[in-house]
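Engineer: Residue strings, one per chain:
There are 2 protein chains.
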Amino acid sequence: MKTLIIYYHPYEGSYCNAILGAVKTGLKKGKHACKVIDLDTDGFDPVMRGKDLKAFGEAGRGDDILTTDVDPIVLRYKKRLEWAERIVMIFPIWWMTMPAMMKGFIDKVIFPGVAYDMEGGRLRSRLKSLRQVTVISTMNTPADIYRDMFGNSLEGSLIKGTFNQIGIHDVEWISLNMVKQSGQEVRKMWLEELEEKFI
Amino acid sequence: MKTLIIYYHPYEGSYCNAILGAVKTGLKKGKHACKVIDLDTDGFDPVMRGKDLKAFGEAGRGDDILTTDVDPIVLRYKKRLEWAERIVMIFPIWWMTMPAMMKGFIDKVIFPGVAYDMEGGRLRSRLKSLRQVTVISTMNTPADIYRDMFGNSLEGSLIKGTFNQIGIHDVEWISLNMVKQSGQEVRKMWLEELEEKFI
Chain A
72 MKTLIIYYHP YEGSYCNAIL GAVKTGLKKG KHACKVIDLD TDGFDPVMRG
122 KDLKAFGEAG RGDDILTTDV DPIVLRYKKR LEWAERIVMI FPIWWMTMPA
172 MMKGFIDKVI FPGVAYDMEG GRLRSRLKSL RQVTVISTMN TPADIYRDMF
222 GNSLEGSLIK GTFNQIGIHD VEWISLNMVK QSGQEVRKMW LEELEEKFI
Chain B
72 MKTLIIYYHP YEGSYCNAIL GAVKTGLKKG KHACKVIDLD TDGFDPVMRG
122 KDLKAFGEAG RGDDILTTDV DPIVLRYKKR LEWAERIVMI FPIWWMTMPA
172 MMKGFIDKVI FPGVAYDMEG GRLRSRLKSL RQVTVISTMN TPADIYRDMF
222 GNSLEGSLIK GTFNQIGIHD VEWISLNMVK QSGQEVRKMW LEELEEKFI
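Protein chains in written order, with the numbering used here: chain A, 72 to 270; chain B, 72 to 270.
One should not assume that every hint holds.
A pair counts as met if it fits within one copy or between any two copies, since identical chains are not told apart.
Straight line, CA to CA, 25 Å or less: simulated BS3-like cross-link-like pairs of lysine-lysine [said to hold, decoys possible]:
1) Lys73 - Lys106
2) Lys122 - Lys99
3) Lys251 - Lys125
4) Lys268 - Lys125
5) Lys102 - Lys73
6) Lys231 - Lys100
7) Lys125 - Lys100
8) Lys106 - Lys149
9) Lys125 - Lys259
10) Lys122 - Lys251
11) Lys150 - Lys73
12) Lys251 - Lys199
13) Lys251 - Lys231
Read the hints as simulated data drawn from the structure, not as lab findings. If you're wondering where the values come from, they're calculated on a predicted model, not measured in any experiment.
I would like the entire structure built from these sequences, with the hints used as guidance.
Structural biologist: Okay, here's the thing in structure tokens:
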């Protein structure tokens, strides 16, 4: 299964980086083709500039985005999205939702003419190969508090508010909670489980 | 009331920019001192880099952040936050939550040693003058759908997950919904109401 990993964490000693390693090892063992978008290493600019917004207004009529006004890296990411049968996102939760870098990937790449088209007021995915999305996030908040106090904020914006909106419904969310407070043994077990899952 | 506006929209013809104008006019009529952080014009970089993250790990012992490792603009914003008795945030909702630029303001400026300290595992605001926060957001989704389907995602991350977490509880959220679909008259009325509110 052709798998595109979309990864963000600025520190290579992070647990997210260990997750990235485990997922890649599992995919390799399973002989799945794998590409990685590492937003920090790529120096991705997550900001929607005036010219991006202008292109947004002009897009979405079923044509490919070919305008030179769009950040060129978005067009490179578009090719990888079109290739992917599965997307795996890996990032930390900060202040109860995505870091700016990952939100900017959504703002600028889940874009009309890139990832979806507008059809009669509805959004429709252009990613014809894509069958499945897995979101892996880390946080130090317990799962029940994140749900009851903070309304599973990530689910509302990323899963329901983004993927489901463009018509991608097979979205799985693996939330690793209390990461700092968990012992070495638990963190090791999570990595083994993730490796196993992606074989 | 000393008011700090934190503003993001990359298009000057936007309704958000009209809101910014109305709020500023109201504040001027009311003779309130006002400063504006315009993230797009300032060229703010919303990305948490490795060195920012390193400073994060070292901060939060009650000392001021004075490290040269932190993005210098954060130290300038710190002074304005310390001055403010009221914060007004103005931005559009994209994909059911903050744009990357505004999220990056939270990631990098609501920072230990800048906006809060860690005290025995709890977060405590350093912004001694700050009494009140007003969040003004625009979206094209109806209010009931945003609440029932997307769990008021912004509330979980920004209001409860950020301001309340650092101990700021007087937070008001003015959500302007269905902005595109509303007529000129309604949009004009909202601006008049906002101007009046800030006098």
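Engineer: Evaluate each hint against the coordinates.
Structural biologist: Hints versus structure:
1. Lys73 - Lys106: Within one copy only: 8 Å inside a chain, 50 Å across chains, cut-off 25 Å.
2. Lys122 - Lys99: neither (40 Å within a copy, 32 Å between copies)
3. Lys251 - Lys125: Between copies only: 16 Å across chains, 42 Å inside a chain, cut-off 25 Å.
4. Lys268 - Lys125: neither (42 Å within a copy, 32 Å between copies)
5. Lys102 - Lys73: This pair counts as within: shortest intra-copy Cα distance 10 Å, inter-copy 61 Å.
6. Lys231 - Lys100: Close neither inside one copy (32 Å) nor across copies (42 Å); limit 25 Å.
7. Lys125 - Lys100: neither (44 Å within a copy, 34 Å between copies)
8. Lys106 - Lys149: within (13 Å within a copy, 40 Å between copies)
9. Lys125 - Lys259: Close across copies (24 Å), not inside one copy (46 Å); limit 25 Å.
10. Lys122 - Lys251: Between copies, since 20 Å is at most 25 Å while 41 Å is not.
11. Lys150 - Lys73: within (13 Å within a copy, 49 Å between copies)
12. Lys251 - Lys199: Cα proximity of Lys251 and Lys199: none, with 39 Å in one copy and 30 Å across.
13. Lys251 - Lys231: between (28 Å within a copy, 22 Å between copies)
The earlier numbered hints that this structure contradicts are 2, 4, 6, 7 and 12.
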